[in-house]
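Student: Let the hints inform the model, and build the full structure from the sequences given.
2 protein chains.
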Amino acid sequence: MMGLAPSFAAEATRWISGVHDAITDFFATADGRGTFREDRWERPGGGGGHSRVLTEGAVFEKAGVNRSAVAGPLEESMAGRLALQGGALEGATFFATGVSVVAHPRSPMVPTVHLNVRYFELTGSDGTVFDAWFGGGTDLTPTWPFPEDAAHFHQALATLCGRHGPALYPRYKAWCDDYFRNHHRDGEARGVGGVFFDHLRPGGDHGLGFEQLHAFVHDIGMSFPLAYGPIVARRRDLPWGERERRFQAFRRSRYAEFNLLHDRGTHFGIQSGARAESVLMSLPPEARWEYAPEFPSGSPEAALQSMLTPRDWLTMSH
Amino acid sequence: MMGLAPSFAAEATRWISGVHDAITDFFATADGRGTFREDRWERPGGGGGHSRVLTEGAVFEKAGVNRSAVAGPLEESMAGRLALQGGALEGATFFATGVSVVAHPRSPMVPTVHLNVRYFELTGSDGTVFDAWFGGGTDLTPTWPFPEDAAHFHQALATLCGRHGPALYPRYKAWCDDYFRNHHRDGEARGVGGVFFDHLRPGGDHGLGFEQLHAFVHDIGMSFPLAYGPIVARRRDLPWGERERRFQAFRRSRYAEFNLLHDRGTHFGIQSGARAESVLMSLPPEARWEYAPEFPSGSPEAALQSMLTPRDWLTMSH
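Residue numbers (our numbering), protein chains in the order written: chain A, 1 to 318; chain B, 1 to 318.
For the record, the hints were derived by calculation from the structure and aren't laboratory data. Careful: at least some of the hints might be erroneous.
Derived list of chain B stretches under chain A, where covered just means 3 residues or more per stretch with a C-beta under 8 angstroms from a C-beta of chain A [what the hints assert, rightly or not]: (1) 115 to 122; (2) 144 to 156; (3) 257 to 265; (4) 290 to 301.
Each residue gets a CB set at the ideal place from its N, CA and C atoms; glycine is no exception.
Tutor: See below:
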């Protein structure tokens, strides 16, 4: 990783702080009523974070906007989760910073959304940065079936990604479909996907250099107004009742299952000693585990379930 | 494991089936209104299970009573979870049977209860059973603070265990306290404990032979009428309202976190290809993830939270 040493950590921390503020502003405006509470936490091993959470808003029942910047010796368990191996890691330290967002709207008509961008850096015992990468993504989890919302979300991301290279959207859309799945539920997707990527290093098959990668990941971090905002605007005032709310609580139980059973970010957060309330801010405010629910063919509930099989959403939007 | 070959599997399956029926009867009687739905499932790799679930009962919002008997080649991932290693396992097959119960009462005055008894057997490529053990336990998770209920539950288990040996209760009570903890929540216990044990083989430090172990674990499987029944009887008709119900939903979110993040039984079930609806029947019907809730000192909620630090409950009952 020539050109990286000594470290991009300070600049990445400032960058993430800016994205954090922009996303906070987006939700404050989109909600219109709720205000954010901020908690700062310190990690015993080094670093810490700022958790901002909006609860009981006009639109959002719970919206968590976290940022953190943590550093310390690279522990073996961490290396395992990162799928890193080798003697070079002995005596290494890690640095990680990122912003992580999950918003659970109150209305079942408005989809849940998740976004994360992050930067990771490894420094050897000689003080040289020997590896660094970006990761991130954003994905949409609707409760009520509006295929045109999924199409809009994907079209916005395809446009955004397209500005950085033609291969990015198809590749990271497929990665997202592959990642956000409840394998124990016959591979049912968490939602309708979006984009997801990890370990993006300069010189990878995306063809981007370090600065270009940074610009791409930054744009993902700033994608809410384009990709999610219009969906909130057109669904927030739709009526809904007990039935829709009950189905939302069921769908949220699947969201919780994914985050607790499968999500690498959750496991890394807990493993690295981050504050549990901040890591688990992604969990839904209210969830129901109904036993073996069934949805009559032709019902909106069945239609939503059928949207959880990955597909090409772009062809829908024409 | 002389004396075990060829196999205790057929007898264990009948035994578990009997315990399953007895527990089903216990809940049907204790509830008085609800009836059980039964689903049978088959595991692609061999074996299957019977899931019985009572929903919307008079006392129980959801009570799941599962039994299963599964067998097949011992996979590497399974050996890892079982903390087994070594070349002797090559070509080995496993057999596992057990009954697993979680009951979530509707009333926050009535505690949630869990029970599991199981038998596990490994057979080498030569057809000889080369290892076998029992496991199980039962533990109580109250929502509202009634220390005398925790004391009753522990006293009943201490009496039951005492019939099989003086060291069993203290040892397995401590094991339970150690196991049912949310490590990511500063080690907060799931509830007030009970007993838990695994890998009980004849000749272990408990001093019991195979038949004696079987008798002990059987008694644990039959402990509901003694340990849990009286608590249901004295709490089921107490009044409660919105506040108690809300705290119950919060406590249930911690229950879900434990089961999805830490429980070995859940992970083994999913890993071994059991039916997801059956494995996850333990999850609460309704849960709330509130952000960083705080409970005023002196409140019942704070009193319950303080009960989640392990202690000697026997000295309380005198």
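Student: Check the structure against each numbered hint from earlier and tell me which ones fail, lowest number first.
Tutor: 1, 2
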